[in-house]
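Here are the chains, one letter per residue:
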Amino acid sequence: MPLTDSLRNDILAAVPSLRAFAISLSGNADRADDLVQETLLRALANIDSFQPGSNLPAWLFTILRNLFRSDYRKRRREVEDAEGNYAKTLKTQPSQNAHLEFEEFRTALDKLPQDQREALILVGASGFSYEDAASICGCAVGTIKSRVNRARSKLAALLYVDGAEDFGPDETIRAVIGGSGG
Amino acid sequence: MKDLKSQASKSTTPGKGGLTPEIQSRIGHQLRAMYDDVVRQGVPDRFAELIKKLDAPGATPQVENGGGSNDNNGRD
Chain A
112 MPLTDSLRND
122 ILAAVPSLRA
132 FAISLSGNAD
142 RADDLVQETL
152 LRALANIDSF
162 QPGSNLPAWL
172 FTILRNLFRS
182 DYRKRRREVE
192 DAEGNYAKTL
202 KTQPSQNAHL
212 EFEEFRTALD
222 KLPQDQREAL
232 ILVGASGFSY
242 EDAASICGCA
252 VGTIKSRVNR
262 ARSKLAALLY
272 VDGAEDFGPD
282 ETIRAVIGGS
292 GG
Chain Y
96 MKDLKSQASK
106 STTPGKGGLT
116 PEIQSRIGHQ
126 LRAMYDDVVR
136 QGVPDRFAEL
146 IKKLDAPGAT
156 PQVENGGGSN
166 DNNGRD
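Protein chains in written order, with my numbering: chain A, 112 to 293; chain Y, 96 to 171.
Simulated from the structure, these hints should not be mistaken for lab results.
Mixed in with the good hints there might be a few duds.
[Claimed, not checked] Simulated DEER-style distance windows between Cβ atoms:
no.	chain 1	residue 1	chain 2	residue 2	range
1	A	116	Y	136	21 to 29 angstroms
2	A	226	Y	117	20 to 28 angstroms
3	A	222	Y	135	20 to 28 angstroms
4	A	221	Y	124	15 to 23 angstroms
Using N, Cα and C, we set each Cβ at its ideal position, and we do this for glycine too.
Next comes chain Y alone, as it looks inside the complex (with noise of 0.2 angstroms):
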């Protein structure tokens, strides 16, 4: 009987009027899954073409050099 009960103490009880970790575990994983599940949903497009829009403005334009130098001419 005494083995029974100092058993059940070292391995359920929570210390000093804490949680057990069954509690604190199950309290994660709920709070978890809730957050998760809005996390899987990605990005709505509403948010992705918020952010290239707004980046727009501010963007500098790549100056690009089309293949006409003309370094080489004046050669004949």
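Excised from the complex, chain A in its bound form (with noise of 0.2 angstroms):
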């Protein structure tokens, strides 16, 4: 579809999130910042193949973390001040308790595998539906649950320690994600 007026506007509007997004995929600002100008280009570059009345910011997730992806691969090597970075993009100071623990939860969740914390991200924050997440990683809606689950249980267990042994795929992850509807 044509780059109309009001196209533009919703695009624009889901850049917070996009950069959301990738800063907490990548936990660096300033490539998270490189990778939504990357993921932009190429959606206004590739407007023509946006199906109008279909999920704008799953079609722009979809392409940041497919870049995200194929620039995880070339970099695999380097080695990056995640947290350092990260917590420059921060606004407010926070206390030294909620900085630590804050720091303490960006490492667990840098601890977990990619198509872990993609899965967990997209639900648990971006507030994806289970289909929508599915559709923006490629896979069937069964395995980002169970990779959504799969991240809680390794966080609990980075973060908690206790009661962080593997739980069945569907009974509690509702409960997990209480407000993913708005």
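With the hints as a guide, dock the two chains, each given alone in a separate frame, to form the complex.
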């Protein structure tokens, strides 16, 4: 579809979540913004392939996610100061305790396998449905559910020690993502 | 004693090795806090300008008719 004013506004409106997704994935603010820029350029260059009425954020997230993955393969050997760089992006300086807790969380998140991390972020933070997350990641809905499950378990194991063993795929997952609808 | 025990298992055990609701919601909360902190930063100028600029070449120029219509001339 052609780049109408309203489509341009919708793309603009998606930028804050695209950045949040990129930073959550990469742990690096500069790299995240490069990813967002590349995503926007690709989106605008391929705007004709966007189906009017379909989910624009999901389309944009798919582009970003694929860029991140190909970029990740290229950069695998680079060592990056993820946390330090991320902390710079915070507007408000968190209190000492909150900051420590935040860094612990960030570190734990970075330890997850990439598949699990992206699934958890898409469903638990971006608020996508399992179906949308599955289409963004190009896998089955059940796969997304089990990745989110394993991500939660692993985070709990890293952060809170107890009660972190695997649990059944469907049992608790709905409660986990209480706010995904809104 | 056995009362206590059964109550405890009702309110806090996660079932078969699962996560307690408390831990689940704590993870969810931290995840969203991290994410929303970035969302709240809004759209950096860099991206707003990028989208504006890229729009320009493809934009169809708006042709405006200035008020000078000649239709009613030649009336004298």
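What are the numbers of the hints the structure violates, in ascending order?
none
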